[in-house]
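S.K.: The primary structure of each chain is shown beneath.
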Amino acid sequence: MNFNILRSWCKFVLALCFALGSILSISAYAKDTIKVGVVSFLTGPAGGPFGVPAKQGAELVIDAINNGTMPAPYNLKGFAGAKMNAVFSDESGGGTKQVALFRDFVQKQNVDAMIGYISSGNCMAIGPVADELKMLTVFSTCGTPRLYEEKLRSHVFRTQANAVGDSLAAAKYIADVYFKGKITTASKMYTGINQNYAWGQDSYKFFELGMKVYMPSAKGSSKPQFPKLFAGQYGSEISALSLDKAKIVHSSFWNGDWEAFVLQSMVRGFFKQKIVVSSVGGSGVDSLGKKFPDGVVMGTRGLVGLNVRDNKDPMNEWFINEYKKRYKAWPLGPSYQYARSVLAYKIAMDNARERNANKFPSQQQVINAMKGLRFKSFVDEIHFARGDGHQAVHAISYGVTKYNKAKGEPGIEKLRTYPASCIYPPAGVKSEDWINNGMPGRKCD
Amino acid sequence: MYYGFGAYAVAMCQKYFGMTDIFLRFFIAVAAAGLLGFALGFILRRYREIFFAMLSLAFSMVLYGLLAKAEFLGSTDGMSISPSTILGYELGRFGLLYFICFFVICAIVFAQAYLRSSLGHLTTAISDNEIRVEYLGYSVEKAIHIKYVISACLAGGAGGLMAASLGQVDPDSMVLWSVSGELVFVTIMSGLGNILAPFMGAVLFEFIRTYAFELAPQAWQMIIGGTLLAIIFFSPGGLWSFFQKLNFLRKKNND
Amino acid sequence: MTEKFILKTTELQKSFSGIIAAEDINISVKEGEIIGIIGANGAGKTVFVNMITGYLKPSSGKIEFMGRDITGIKPREATHIGVCRSFQVSQVFMTMTVKENLMIAMSLAKKSGLELLLPLDDEKLSKECDKILDLYKIKNQSNLIVSTLSQGMRKLLDISMAVVGNPNVLLLDEPTSGVSVEEKFGIMDIVISALKKSGTTVLFVEHDMEIVERYVDRVIAFYQGQVICDAPPSKALKDKKVIKYVLGS
Amino acid sequence: MQFISTVFLDGLVYASYLFIVSLGLTITFGVMKILNVAHGSFYAWGAYLASISIIYLGDNEYNSFLYYFAIFLSAIIVGIFFGFIIEKFILRKMYGEDIHLIVLATFGIFWILEDLILIVFGVDPLMPYYPAMELGGIEVVGVYQGVYSLTLAALAAIVAFICWYFLNKTKWGKLLQSVIFDREVSVSMGINVKNVYLVTFIIGGMLGALGGAYVAPTISVSPGFAIDVVVMSFAVVVIGGMGSVPGALIGSLIVGMLRAFAVHQAPVLELFIIYAVMAIVLIIKPQGLFAPPKPRKI
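Chains as they are written, first to last, in the numbering used here: chain A, 1 to 445; chain B, 1 to 255; chain C, 1 to 249; chain D, 1 to 298.
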């Protein structure tokens, strides 16, 4: 019982250490190399399907930029001429620990920028701290719209569009592709299984809102499931969903949870009874190979990963070839997403240098250059058009899984792409208000 | 658990009352944790050893279950906390540092006084021999309860300060049992007996963790686990006993 | 008549899941008496002491202390009203020094409520403590850790800790068991003389008949949970039943 | 009807899985008085070893009977290998120390083994789905259930029966019970407690590993998935009574059913309800519902 007292001391000290750390920090001024922290899940259930491919995507592009071997127009060597020294770090352990590590990166390791973060929870946690510490941070994958809708951020950028588009595109896809002709009431009902945190909650909320606009006659179930992140066992949840009359099941599961869910529900004939809409389940398709059920509506959060494997854009072909050569696997969604963030940073650096009379730019100059930036990434166009020029929007595509027997590889069919103007509110409008007003001014073609 | 509770108290007060004053934050955290400790103490004081630990664990998991699932408490994401203020002025990092130091010193003085008091000595007495304490006319349960509330207050205060200094709270890194495990680890590493011991232990722990994290981001747990085992085996009394031994040797040499 | 007795038990009975450990115990104790409780192992002596001091709850019967019913009170309440005890195996705080042991005992006896948050080692208490240590002849050991002491020393400390609350009735459970023959009488001399000075009523459980003979006013003998003899030592030790069941020859 | 049967089946499957894992934990605690946090490592290692062997077998299209053989073999190998090392070289040196210290030591072991998995198996999730796929699903009162998951209940029943038989009908079982009841007396009676401890720890580890190995085909086996299991089986063991075999059975049934019911009726309360029950049981009956008897020491 003596522990109780003593342990509190420890945390006092901890707090003290962080404070001390801030005294010791001196801002660095490097010219020919820059140091950047790249954070993704290296351990834990999200490591394999998300974090590691993400890290590899970033690594590949960073090396290519350092060596000037990226295809044109990005073949200029370096980041504003400087080589990037990337420090990879593990994202697991929860938001508070990540904040502590972030402070460590900024205050002790004197990084020039931070790139990464997959979990929406972590982005929500890091966002305010990045602004407080005035550290340019480019989020790569996380998708919660709260990040910019709660407050504008001065130092935080996000190359990934938020979950609103993923969910709205999913709803629209269902409306466009499935709700044709005569349909029974039961098949017009929908439910969901989403992880119980920012990403899962937001994803389902916007899917529901989207359905109300696109399919006003469809009805939402009263018991959508929200199991805990990394729960791993979904027997009861699957039963509950099976008992539910709703035909459409929306899921924003990702990482090991998604694969576990697919495995457990597959043997129970779940995919034959229900139409499952997955907004981010691309990774499971490869790991399950030909076992992966056909007919799952699949999104990849942008023109990345599974949905662009056949895309012939030279940038895309370069990325896929290099990635396969180096890592013996297809690049997944997160590989693209991290690569995009690195690319955005490079372009902003280069532009800022140009504007600064070819002198190495300050952080503020880089931020100014990144604000509202519009650039072509591997397939799609990224435009920092929301959140006062900090939040990117881009097109989102959905398709239906179909195993390609000829190639012996998973494939996708009935691909549809929705442009950003169709699924995101105009700048300055809150997503929820916009959808509730019937999405005025949307352009979908 | 109280650590997390204190942290959440700070977060809640900001969310619903917009409270950011560092003093208020600290006292809210202490008071909230103290109240919770007082309430749970009525149940916990009846248990010893492993049952005490298990029940504490159960309570903290109940809290975790609530926090992780309740959306208005931020569920698994937790909540972010804005920088602290004092009388309406924003505290910088340095300001916060001074205040944390101030609170730490207050706490040290308080804990020192407690340990010197009869009640503080009673703790050792109880762990030595409960029957005797009862026969000396003092309720063992009451003494444990008081101690429990005090430690809850300290932990809550620590949590509140931690929340204020980090700017973020979430259940996984504040309430989960493995967090308590880490704190106990620091205690074991430091050894019992002096207020400065956990101080050194915590510094060393952070030191090891930071470097383990940097050197081997995929194997840092292993390094910490190994350190823990090594300490348990080679210096069961923790770092403090190591220092005491040094002192002892020095005295011997002087004689 | 009742008022004259400081301690009185009526029909006291205790059974552990069917096994009777004490039965029909009717004992009255006058103030200032020194009583020896004898009996073979398992005769119910310690059970008796445990019931009076609240460690065990009697199955039936009544215990009165100064005319007040104290059946089934908690140990600490017994201590508060002035019924204190020592133990067969000395119950002391092993990792602390002799002085700390006594200081804690004293501060608990003297202070209450918030006062307990004041430092333990104030001067007044320290002086008083030294006095008692002196009285019980363990002052030379006052800074030693208890676990390094001999059994006899521990017994003395145990008893002195029971005494600091100035009890009305003191129950000593085998004060000389585990104590070497040389120490035995020394201890009892110290204890009994100290207690006589304060006029405390003493009940002590004892195996050693020499000690019983030498110090007590009255002997109560137990056999299989029952009182078989209650008389002055000169008479009791010659009683047939006592010789047969207690003295064993 | 449909609802009740589905909740019941869900609960049963989850309970069976919890039972196997927590049985190992409770046996270890009952005999050795050690709360083994590293139990989760057995679970994880069992799952990993079974996964790689099943994937190997499945990719090369071996007879499907071999899957089950691989599952049990992995459990036995993990149990013996790590059980032996941990007991012999670490725990054995610590008996008699403060109970908290031992818990912490197992905590340290847990950390080490957890990262060892990363080093040995990498971070990619393994999906040994072959056995589960092969058995497919059947319809039970209108709801498809995975046959493989249902066999888990049979396995749990077998394990429970073997355990009961062993403890009550064999000489070894009696021996074990006497050690559980009173260690000192057993020593004085000439029982080699050291060996009993070693064997117990290995068996406990095997059960943990079996739990992991058997559920591996239904999940995505990835690093860090064992932590929740440890806590959940703690809850089971505490509810049932630490060290009690029937307690583990009842405890896992309670937890399994409650959780299934919560998921169907009030998904938000799923986690909360389990720990709340745990806390309530501890408050009312701190030894758990089926605590083994304690020798009286005067």
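It cannot be assumed that every hint is accurate.
[Stated by the list, open to error] For lysine-lysine, the following DSS-like pairs were computed, each having C-alpha atoms within a straight-line distance of at most 30 angstroms:
(1) D:K285 with D:K33
(2) C:K244 with B:K142
(3) C:K99 with B:K142
[What the hints assert, rightly or not] Between beta-carbon pairs, the in silico distance windows are:
(4) D:Y62 with A:K328: 55 to 63 angstroms
(5) D:Y68 with A:G289: 33 to 41 angstroms
(6) D:V141 with C:K57: 35 to 43 angstroms
(7) D:V141 with A:N321: 35 to 43 angstroms
(8) A:L243 with B:Y98: 56 to 64 angstroms
(9) A:T33 with D:Y62: 16 to 24 angstroms
(10) D:F161 with B:K15: 50 to 58 angstroms
(11) A:E432 with B:S127: 41 to 49 angstroms
If you're looking for bench data, these hints aren't it; they were derived computationally from the structure.
Quick caveat: nothing in here was measured; it's all calculated off a predicted structure.
Backbone N, C-alpha and C fix where the C-beta goes; we use that ideal spot for every residue, glycine too.
S.K.: Work down the list of hints and note, for each, if the structure agrees.
M.R.: Hint-by-hint comparison with the structure:
With a C-alpha separation of about 19 angstroms, the suggested pairing of D:K285 with D:K33 holds against the 30 angstroms cut-off. For the hint linking C:K244 to B:K142, the alpha-carbon distance of about 48 angstroms lies beyond 30 angstroms, and the restraint is violated. Taken as a hint, the C:K99 and B:K142 pair is honoured in the structure, with Cα atoms around 24 angstroms apart against an allowance of 30 angstroms. A hinted range of 55 to 63 angstroms is violated for the C-beta pair D:Y62 and A:K328, which are about 25 angstroms apart.
Between D:Y68 and A:G289 the C-beta distance comes to about 23 angstroms, which lies outside the given range of 33 to 41 angstroms. Checked against the given bound of 35 to 43 angstroms, the beta carbons of D:V141 and C:K57, roughly 55 angstroms apart, lie outside it. For the pair D:V141 and A:N321, the supplied restraint of 35 to 43 angstroms is violated, since their beta-carbon distance comes to about 52 angstroms. The hint said 56 to 64 angstroms for the Cβ distance between A:L243 and B:Y98, and at roughly 59 angstroms that hint holds.
Look at A:T33 against D:Y62: about 53 angstroms separates their beta carbons, and that is not inside 16 to 24 angstroms. Remark: the range hint 50 to 58 angstroms for D:F161 to B:K15 is upheld by a beta-carbon distance near 54 angstroms. Between A:E432 and B:S127, the C-beta spacing of about 57 angstroms breaks the proposed range 41 to 49 angstroms.
Comparing the model with each earlier hint shows violations of hints 2, 4, 5, 6, 7, 9, 11; every other hint is respected.
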